[in-house]
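Peer 1: Heads up: the protein sequence lines correspond to chains A and B, in order.
Just so we're aligned: 14 in this note's numbering is position 14 of the first sequence, and the numbers increase by one with no gaps anywhere.
Just so we're aligned: 79 in this note's numbering is position 79 of the second sequence, and the numbers increase by one with no gaps anywhere.
Any given hint might turn out to be false.
As the list claims (entries may be wrong) - Covered stretches of chain B (in silico footprint by chain A; criterion: 3 or more residues with CB under 8 Å from a CB of chain A, positions within the stretch not fixed):
# : region
1 : 19-30
2 : 125-136
3 : 233-241
4 : 304-311
5 : 314-326
6 : 329-336
Stated by the list, open to error - Some but not every residue of chain B turned toward chain A, in silico, with C-beta under 10 Å:
#  : residue
7  : THR117
8  : GLU121
9  : ASP172
10 : LEU173
11 : LEU176
12 : HIS247
13 : ALA249
14 : GLN300
Don't read these hints as lab results, they were simulated from the structure.
Where is the CB? At the ideal position from N, CA and C, for every residue including glycine.
Below are the chains, spelled out letter by letter.
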Amino acid sequence: MTTLVESQPLSERFPRLTARVDVRELERLRTRAHRFAEQHIRPRALEIDRHTDQDPAWFDWDLVRAGAQEGLLSFLIPKPAGGAGGLATQAAIVMEELCAACPGIALIFGAHALGISPLLLGGPSQWDGVLAELVASERTDSPLLMACAITEPEAGTDVEDPDLLARARITSHARRVPGGFRLSGTKRFISNGSVARWITLLMPTDPRRPVETWTCFLIDARSEGFKVARVEHKMGQRACPAAELTLDEVFVPDERVVGREGDGAPETMIVLACSRPPVGAIATGIARGAYERLQAWLAEDPAAKGLLARQHVQLALANMEEDIHLARQAYMDAATELDHVALGGAMSHPAVRALGRIPAAIRRRAPVNGWLSSPRARDATIALLHRTTTEQAVTRSLGLSSMAKARGGDVAMRVTGTALEITGLRAGPVRAELEKLWRDAKLTQIYEGTNQLNRLEIYRTLCQKETINCLPPLHNHHDGHTQQPASANGNGAQR
Amino acid sequence: MSATISEQAEIRSMAHELARRELSLRTAAIDSGDQDAWAECWQLLTETGLDRALLDERHGGVGLGVAELLTVVEELAIGDGGIAMSVLLCNAALATLSDEQLAGLGEGARWALVPATSGTELAISNGQLDGNIACALGCHGVDGVVLLALDRSSPATWALHANTAGLKFKRDLAQLGLRGAAAASLELQDVSAPSTDCDTVIDGASASALLYAGTAAIARGIARRAHEMAFEYAQARQQGGVAIIEHDAVSDMLTAMAVRLTCRPEMLIEASGKLRLAQSLAAKIAATDAAVATTTDAVQVFGGTGYMVETGIEKLMRDAKYCQLFPQANWLLYRELTKA
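Use the sequences and the hints to build the structure in full.
Peer 2: Okay, structure coming up:
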């Protein structure tokens with residue numbers, strides 16, 4: 001098994017990064033992720049793929065425990081909540097390294113991060129709840145996983161676009177009851193759905209007005225009425241189970257509404273802006289994994305003798321190098337834009353930093369905690385978001401994220417397919433690894449919105465310069481509470 | 001002698017019905033390794049004589065011409081690409097055997113043609129065959145194989161019974177596609193090479209051309225099935241309040257699939273009934289590349305649903321990929337095509 005670590009420093013490959021982040025820290029992170037992937041992931045990738053082909057529900061908790069020891073479960077959680085405070089850039093770099101070894105195993109950690117993302121938008125009000133619990137569990141023998149549930153049996157791509165959401169066939173419904181909501185419906189293809197302890201889940205409080213009432217809830221998988229209906233048998237990325245979840249009158253108290261009721265649609269757009277660069281990185285990692293394996297096979301296997309002298313092979317390798325380089329540029333550009341332009345201001349705002357300096361023990365006391373989780377505090381979080389960014393900035397970020405995702409997915413399919421063609425059916429053990437990566441690659445063209453949907457988003461956001469409603473409104477139309485805009489950030493043409 | 005137009009239509013119709021009524025019901029089970037399901041399908045094929053369709057009635061066949069066989073395997077591939085490949089390989093192998101060899105075969109004996117590159121995979125010296133051939137499709141559990149040295153100017157064939165001394169089979173458990181033609185790796189050690197017999201239905205060169213043209217036909221059958229499934233799904237699945245076929249992005253993909261299906265491998269046959277190697281190679285490259293593109297797009301039309309094994313569409317993508325790689329990857333065939 002050949003290990004290839006790219007020697008060119010990140011600072012040279014991404015000069016834009018140098019001015020904004022500690023590149024040496026990123027380099028250390030990449031090296032650590034690479035070491036973890038080579039030690040824990042790659043040796044088990046094929047075995048787990050075969051195991052989960054026979055039994056899709058089978059799950060390897062040892063890998064989760066190993067990842068927890070490496071801090072992969074608290075990586076994105078803000079430092080005040082005990083996490084590492086990682087941003088999209090760091091998450092993307094880690095995902096590329098893990099996915100070069102096995103995207104299915106990496107997806108366990110990716111889906112966990114996706115589940116956390118809506119909570120991060122909740123700001124300080126979320127630090128001392130489930131996020132702190134996740135951090136604490138990471139130090140135990142029973143780490144907790146998260147998942148994010150958006151897709152429904154009759155609505156996949158629809159629920160990832162506000163225009164389509166308005167006409168989508170949503171069948172789930174959160175019904176208002178005293179003290180909270182009762183949730184009913186089915187969510188499908190939920191990565192980590194069968195193994196997650198906490199799930200951020202989106203559904204409307206009024207199915208007739210899904211866009212206006214789309215709301216994010218935090219679900220405890222132990223709740224009465226919650227059930228894992230089945231685990232899907234997937235073509236690839238099998239190490240991470242995709243489950244169908246059914247909810248039958250599951251009670252969710254008011255304090256577990258993430259953000260505010262009705263803010264789900266813009267929250268989803270921000271979550272997608274955050275999650276698509278890592279998907280671009282997943283796809284880049286898959287392509288790189290195939291490229292590295294092909295190069296090793298060409299250099300070492302007697303069956304490949306003479307192939308490197310063929311110009312067809314040389315051109316194919318050059319195309320792969322080109323594809324991977326550009327895919328990586330795309331996801332790094334998107335992640336950097338997100339971290340340092342679109343959402344950077346909110347994360348580094350003095351008020352947020354000041355709250356972060358308050359010891360957790362004090363923050364968790366009733367008066368402070370009570371205020372942090374109050375509707376007024378939630379409004380303040382939204383107001384801060386409006387003060388530190390604009391709809392245009394987040395829209396542009398979404399466009400770049402969609403570009404990274406779509407480009408990466410196509411590159412992953414192209415590189416893995418070409419690698420298989422060069423090795424052929426008689427390549428020996430590497431064939432199984434390449435075939436797996438090819439199957440794994442296909443999903444990157446589908447999840448987080450199909451590549452077609454992502455390209456339509458690129459058209460709207462970057463070609464047409466449309467501005468999408470990506471920020472929850474200052475005015476909360478559900479409780480009539482109103483906040484005045486605190487800055488003169490003008491919005492462009494709204495959809 | 002080639003079948004008449006009405007006979008061709010009848011054969012096509014029979015293969016079509018067999019594929020729709022029997023193979024498609026069992027294709028998922030075959031893909032998951034269910035040997036009983038595979039045996040049931042093979043039994044139906046032997047009963048209709050399609051496993052040895054190129055042979056005449058004396059040898060249990062139905063005396064089909066090459067063009068009709070291509071039609072048959074294309075139709076069967078709509079039901080299961082792997083089974084269609086088994087039929088192609090069995091026919092191609094048996095057609096290279098002499099009358100005497102055929103007379104010695106038991107009823108329903110299954111053979112497979114095994115293409116190999118001489119030198120790297122197969123060596124012959126002093127009348128002995130040696131070598132290792134990985135992922136030989138359709139070879140698991142066969143009664144015999146016909147080795148075909150692909151890269152010779154005049155491809156040679158050697159017929160070997162499965163129990164020949166020095167010949168070993170090992171099941172290929174990592175097979176990704178065309179699982180209805182279960183693969184095995186072959187190990188040959190000091191195997192006595194029987195002399196190639198000239199008194200056969202087809203010679204080595206024709207077997208080679210048949211292999212490429214047949215793979216093209218199977219790829220086309222797989223692509224037809226993918227197009228059908230994607231079309232049906234696009235009409236039924238709603239998005240944004242309308243069927244997804246109403247979205248340009250989807251309807252254009254479906255149209256592109258239909259355009260790729262305009263090349264028909266059986267049209268390669270010359271008036272004399274002869275199949276030329278150059279045309280067969282070109283058809284194999286074009287049809288298998290088209291099948292990979294079509295099946296990949298079909299999964300995309302299905303979205304997340306298409307990525308799930310139970311839908312059956314992702315299997316077509318795996319099968320098409322194997323057609324692209326078998327017997328050699330398309331990029332390697334460009335050189336052969338240049339020579340041809």
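Peer 1: State whether the coverage of the region 125-136 of chain B by chain A holds or is violated, taking the criterion as 3 or more residues with Cβ-Cβ distances under 8 Å.
Peer 2: It holds, with 3 qualifying residues against the three required.
Peer 1: Mind checking the CB of B/HIS247 against every CB in chain A and telling me if the closest is under 10 Å?
Peer 2: holds, 8 Å
Peer 1: Within the assertion that chain A covers the region 304-311 of chain B, do at least three residues meet a Cβ-to-Cβ distance smaller than 8 Å?
Peer 2: holds (count 7)
Peer 1: Can the region 233-241 of chain B be counted as covered by chain A under the rule of three residues or more with Cβ-Cβ separation shorter than 8 Å?
Peer 2: holds (count 4)
Peer 1: Against chain A, is B/GLN300 within 10 Å by beta-carbon distance?
Peer 2: holds, 6 Å
Peer 1: Close enough to count: is the Cβ of B/ALA249 nearer than 10 Å to one in chain A?
Peer 2: holds, 4 Å
Peer 1: Holds or violated: the hint that B/ASP172 contacts chain A, with Cβ atoms closer than 10 Å.
Peer 2: holds, 9 Å
Peer 1: Are there three or more residues in the region 329-336 of chain B whose C-beta lies within less than 8 Å of some C-beta in chain A?
Peer 2: Satisfied; 5 residues make the cut.
Peer 1: Have a go at the B/LEU173 hint: is there a Cβ in chain A nearer than 10 Å to its own Cβ?
Peer 2: Hint holds; B/LEU173 Cβ to chain A Cβ min 9 Å, cut 10 Å.
Peer 1: Let me know if the C-beta of B/GLU121 comes in closer than 10 Å to any C-beta of chain A, holds or violated.
Peer 2: holds, 7 Å
Peer 1: Report holds or violated for the interface hint on B/LEU176, using the least CB-CB distance to chain A and a cut-off of 10 Å.
Peer 2: Holds - the Cβ of B/LEU176 comes within 10 Å of chain A, reaching about 4 Å at its closest.
Peer 1: Measuring from the C-beta of B/THR117 to each C-beta in chain A, is the shortest one below 10 Å?
Peer 2: Result: holds, 9 Å to nearest chain A Cβ.
Of the numbered hints stated above, the single one contradicted by the structure is hint 1.
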